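Trainee: Take a look at the letters that make up each chain.
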Amino acid sequence: MIQDMRLIELKGVCKNFGDTQVLHDVDLYIRKCEFITLLGPSGCGKTTLLRIIGGFEMPSSGEVLFEGKDMTGIPPYKRRINTVFQKYALFNHLNVYDNIAFGLNLKTPEQLGVQTKKEKKEEIARRVNRMLKLVKMEGYEKRSTNALSGGQQQRIAIARALVNEPEVLLLDEPLGALDLKLRKEMQLELKAMQQQLGITFIYVTHDQEEALTMSDTIAVMNGGRIQQIGDPKGIYDEPKNAFVADFIGESNIVDGVMLQDDLVKFRDTEFQCVDEGFDTNEPVDVVIRPEDIMIVGEDVGMLSGTVESVIFKGVHYEMMIRDEIGGEGQGMLWKVHSTTMQPVGTRVGMTIVPYNIHIMHKAKTADAEPVSETGDKEA
Amino acid sequence: MVRNKRASKALKGTYLALVLAFLYIPIVVMIALSFNKSVSRAEWTGFTFDWYAKLFQSKQIMAALRVTLEVAVVATAVSTVIGTLGAIGMHAMNTGMANVLVNLSYLPMTTPDIVTGVSLMLMFVFAKVPLSKWTMIMAHIAFDTPYVLFSVMPKLRQMNPNLYEAALDLGCSPMKALGKVIVPEISPGIVTGALLAFTMSLDDFVISYFTSNTDQNLAMIVYSAARRGVEPTMYALSTLMFVAIMALLLLVNRRSGLENM
Ligand SMILES: Nc1ncnc2c1ncn2[C@@H]1O[C@H](COP(=O)(O)OP(=O)(O)O)[C@@H](O)[C@H]1O
Ligand SMILES: [Mg+2]
Numbered sequence: 000m001i002q003d004m005r006l007i008e009l010k011g012v013c014k015n016f017g018d019t020q021v022l023h024d025v026d027l028y029i030r031k032c033e034f035i036t037l038l039g040p041s042g043c044g045k046t047t048l049l050r051i052i053g054g055f056e057m058p059s060s061g062e063v064l065f066e067g068k069d070m071t072g073i074p075p076y077k078r079r080i081n082t083v084f085q086k087y088a089l090f091n092h093l094n095v096y097d098n099i100a101f102g103l104n105l106k107t108p109e110q111l112g113v114q115t116k117k118e119k120k121e122e123i124a125r126r127v128n129r130m131l132k133l134v135k136m137e138g139y140e141k142r143s144t145n146a147l148s149g150g151q152q153q154r155i156a157i158a159r160a161l162v163n164e165p166e167v168l169l170l171d172e173p174l175g176a177l178d179l180k181l182r183k184e185m186q187l188e189l190k191a192m193q194q195q196l197g198i199t200f201i202y203v204t205h206d207q208e209e210a211l212t213m214s215d216t217i218a219v220m221n222g223g224r225i226q227q228i229g230d231p232k233g234i235y236d237e238p239k240n241a242f243v244a245d246f247i248g249e250s251n252i253v254d255g256v257m258l259q260d261d262l263v264k265f266r267d268t269e270f271q272c273v274d275e276g277f278d279t280n281e282p283v284d285v286v287i288r289p290e291d292i293m294i295v296g297e298d299v300g301m302l303s304g305t306v307e308s309v310i311f312k313g314v315h316y317e318m319m320i321r322d323e324i325g326g327e328g329q330g331m332l333w334k335v336h337s338t339t340m341q342p343v344g345t346r347v348g349m350t351i352v353p354y355n356i357h358i359m360h361k362a363k364t365a366d367a368e369p370v371s372e373t374g375d376k377e378a
Numbered sequence: 000m001v002r003n004k005r006a007s008k009a010l011k012g013t014y015l016a017l018v019l020a021f022l023y024i025p026i027v028v029m030i031a032l033s034f035n036k037s038v039s040r041a042e043w044t045g046f047t048f049d050w051y052a053k054l055f056q057s058k059q060i061m062a063a064l065r066v067t068l069e070v071a072v073v074a075t076a077v078s079t080v081i082g083t084l085g086a087i088g089m090h091a092m093n094t095g096m097a098n099v100l101v102n103l104s105y106l107p108m109t110t111p112d113i114v115t116g117v118s119l120m121l122m123f124v125f126a127k128v129p130l131s132k133w134t135m136i137m138a139h140i141a142f143d144t145p146y147v148l149f150s151v152m153p154k155l156r157q158m159n160p161n162l163y164e165a166a167l168d169l170g171c172s173p174m175k176a177l178g179k180v181i182v183p184e185i186s187p188g189i190v191t192g193a194l195l196a197f198t199m200s201l202d203d204f205v206i207s208y209f210t211s212n213t214d215q216n217l218a219m220i221v222y223s224a225a226r227r228g229v230e231p232t233m234y235a236l237s238t239l240m241f242v243a244i245m246a247l248l249l250l251v252n253r254r255s256g257l258e259n260m
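Chains as they are written, first to last, in numbering that gives the first Met the number 0: chain A, 0 to 378; chain B, 0 to 260.
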């Protein structure tokens, strides 16, 4: 259960490496027991932000608060945070058991709630075995970490962090090296573990699907800035700008002009929509998801076009349809998902209902280019 | 084409054989002579272990063996510690400064032994440190350390940089992380470095010659004996030194071979 308390709070966090600024004014709070995902393309600063929370990097400016207290200058080993590193970072000189027991061995008997050294050993054995069971690696105690597969190493890395019962677990693309099937499995398992243990997870990934399926909250990042924070549905349904829309789904993004409230013009055609509060004739980004375009008869659609390619994607067909604006073969390509297939070369009509048309302000921060330092924050 | 290939192959083979012959025939001859009954180099009068037996009866040679081993063990131990810590320090530095230091550390490996020996001797004389076994040990530490440094550095570079952070993450202070994670992870490099340092100490003559006084190591014994006219015991001693050093180097090679697999 997510509690309302703000466990971690970042205020105006900036980070420079030499002359390049990789984080711009990041504001973010994380609640107790929340599963929050930092989502963004490679190089956008996710790992850096995670390392700042873990205490491995210091912010160039701004504050990191833990339960309201400033954490600046507190080294990692004094934070109630553990990390699952991108490449696992298991200790090759230790076997599986000793890897997991590593953190507990550093604690005093009192910290583990026992008196003697012997009891400490037993307590550690009990906790390590519980973890091995949790990550389904019982019987691997004596194995060398070198002899494990990627998925197994990943489980040990998770167990090694979780056994310390941290308040917060940081995970940096922990499933990145796994194949698709295993990744899907581990996603479910990780989510279940998080709910079972009631630990706050801060999860980094560049995989939007992973973020959407696992998270309570997603912070979409680009170019060192947070573009949007929200729950998965909110971000999927109401992306704040074209970058978020494009990154979260494989959307069609079109230049348009807002004619008045609830009326937008793009591809030389006027469309009803449900967006208000834009300036008259304001240029906007119009975002339409592939599954929101309906294929209709060739003369009854709002737009018409010709199917140029069809790929079967398992549950639906992905078709690329070129509209007829600007002359034969000059139109733009629309990505359309549909459960019924239209053969290549077919002329079809396309219809979009008003609430599936998403209008967005043209965002300065919308593209992957480094953003200028003047920094008016869109998100 | 085929003929050409065969010719070039034959040429390569001959060349290799010549080089190896040039390098190893003298050693083979020496080893053979160490088993020769006759004192004379000119004739072979039969096989014997006498020279080896004599070797172990000679007080002087046994004393030199002691010195050699003492110096090698102490110098290896100290230079392994200094070299390992030095490598870790340089690894943690920013690259510009570290590069300067790395290159400075290379220098002693490339300067001729005679230069190192003479300059160390001068230093001891200036500092008014009487030459002894201890100055010899200090000199050995000086030339052994770079070998440890350069065996450990690559291991540090190969190491996943997150390992140190993982140790901190799990509750280690920086010192504990060093002892519990970094040193064990780079231990293959440390052992290789120590073996190399030990080998270098065992067979050093020039630097030892300039930095010690009455304490002689085995190489110095061979040298002074050779000036008086070589006896077959010296062949036997040299053979044993050759075998010991060969074995150590093979060990080092095997280790690095295994690690690179
Ligand atoms: N230690 C560092 N020194 C210099 N630049 C760095 C360092 N760490 C990261 N960067 C740069 O910061 C940017 C963000 O990196 P990172 O946080 O790793 O991104 P992500 O995890 O989202 O892929 C990248 O352009 C990267 O090159
Ligand atoms: Mg990263």
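In case anyone wonders, no lab produced these hints; they're calculated from the structure. Predicted model only: the values in this text are computed from it and were never measured. One or more hints might be untrue.
Within a straight-line C-alpha distance of at most 30 Å, the following computed DSS-like cross-link-like pairs (lysine-lysine) qualify [claimed, not checked]: (1) A/Lys106 x B/Lys179; (2) A/Lys120 x B/Lys179; (3) A/Lys119 x B/Lys4; (4) B/Lys175 x A/Lys77; (5) B/Lys53 x A/Lys116; (6) B/Lys175 x A/Lys141; (7) A/Lys86 x B/Lys11; (8) B/Lys179 x A/Lys141; (9) A/Lys117 x B/Lys58; (10) B/Lys132 x A/Lys68; (11) B/Lys53 x A/Lys117; (12) B/Lys58 x A/Lys86; (13) B/Lys53 x A/Lys106; (14) A/Lys77 x B/Lys179; (15) A/Lys119 x B/Lys36; (16) B/Lys53 x A/Lys132; (17) A/Lys116 x B/Lys58; (18) A/Lys135 x B/Lys179; (19) B/Lys36 x A/Lys120.
Trainee: Taking the hints in turn, state whether each one holds.
Mentor: Verification of the hints:
A distance of roughly 14 Å separates the Cα atoms of A/Lys106 and B/Lys179; the hinted pair therefore holds under the 30 Å criterion. Proposed proximity of A/Lys120 and B/Lys179 is supported: the alpha carbons are some 18 Å apart, at most 30 Å. For the hint linking A/Lys119 to B/Lys4, the alpha-carbon distance of about 71 Å lies beyond 30 Å, and the restraint is violated. Proximity of B/Lys175 to A/Lys77 is assessed by CA-CA distance (about 14 Å); at most 30 Å being required, the pair is judged to hold.
Distance check on the hinted pair: B/Lys53 and A/Lys116 sit about 57 Å apart at the alpha-carbon level, beyond 30 Å; violated. Under the criterion of a C-alpha separation no larger than 30 Å, the hint pairing B/Lys175 with A/Lys141 is consistent with the structure, at around 24 Å. The hinted pair formed by A/Lys86 and B/Lys11 fails the criterion: a straight-line CA distance of about 46 Å is larger than 30 Å. A distance of roughly 19 Å separates the Cα atoms of B/Lys179 and A/Lys141; the hinted pair therefore holds under the 30 Å criterion.
Straight-line distance between C-alpha atoms of A/Lys117 and B/Lys58 comes to about 54 Å, which puts the hinted pair past the 30 Å bound. Among the hinted pairs, B/Lys132 with A/Lys68 is inconsistent with the structure: their alpha-carbon atoms are about 60 Å apart, more than 30 Å. The hinted pair formed by B/Lys53 and A/Lys117 fails the criterion: a straight-line CA distance of about 58 Å is larger than 30 Å. Taken as a hint, the B/Lys58 and A/Lys86 pair is broken in the structure, with Cα atoms around 59 Å apart against an allowance of 30 Å.
For the given pair, B/Lys53 sits about 60 Å from A/Lys106 by alpha-carbon distance, which is inconsistent with the 30 Å threshold. For the hint pairing A/Lys77 with B/Lys179, the CA-to-CA distance comes to about 18 Å; that is within 30 Å, so the pair holds. For the given pair, A/Lys119 sits about 69 Å from B/Lys36 by alpha-carbon distance, which is inconsistent with the 30 Å threshold. Simply put, B/Lys53 and A/Lys132 have alpha-carbon atoms about 67 Å apart, too far for the 30 Å limit, and the pair is violated.
Of the supplied pair hints, the one linking A/Lys116 and B/Lys58 is violated, its CA atoms being roughly 53 Å apart against a limit of 30 Å. Restraint check for A/Lys135 and B/Lys179: satisfied, since their Cα atoms lie roughly 27 Å apart, inside the 30 Å limit. A C-alpha spacing of about 66 Å is found between B/Lys36 and A/Lys120, which places the hinted pair above 30 Å, so the restraint is violated.
The structure fails hints 3, 5, 7, 9, 10, 11, 12, 13, 15, 16, 17 and 19 (numbered hints given earlier, in ascending order).
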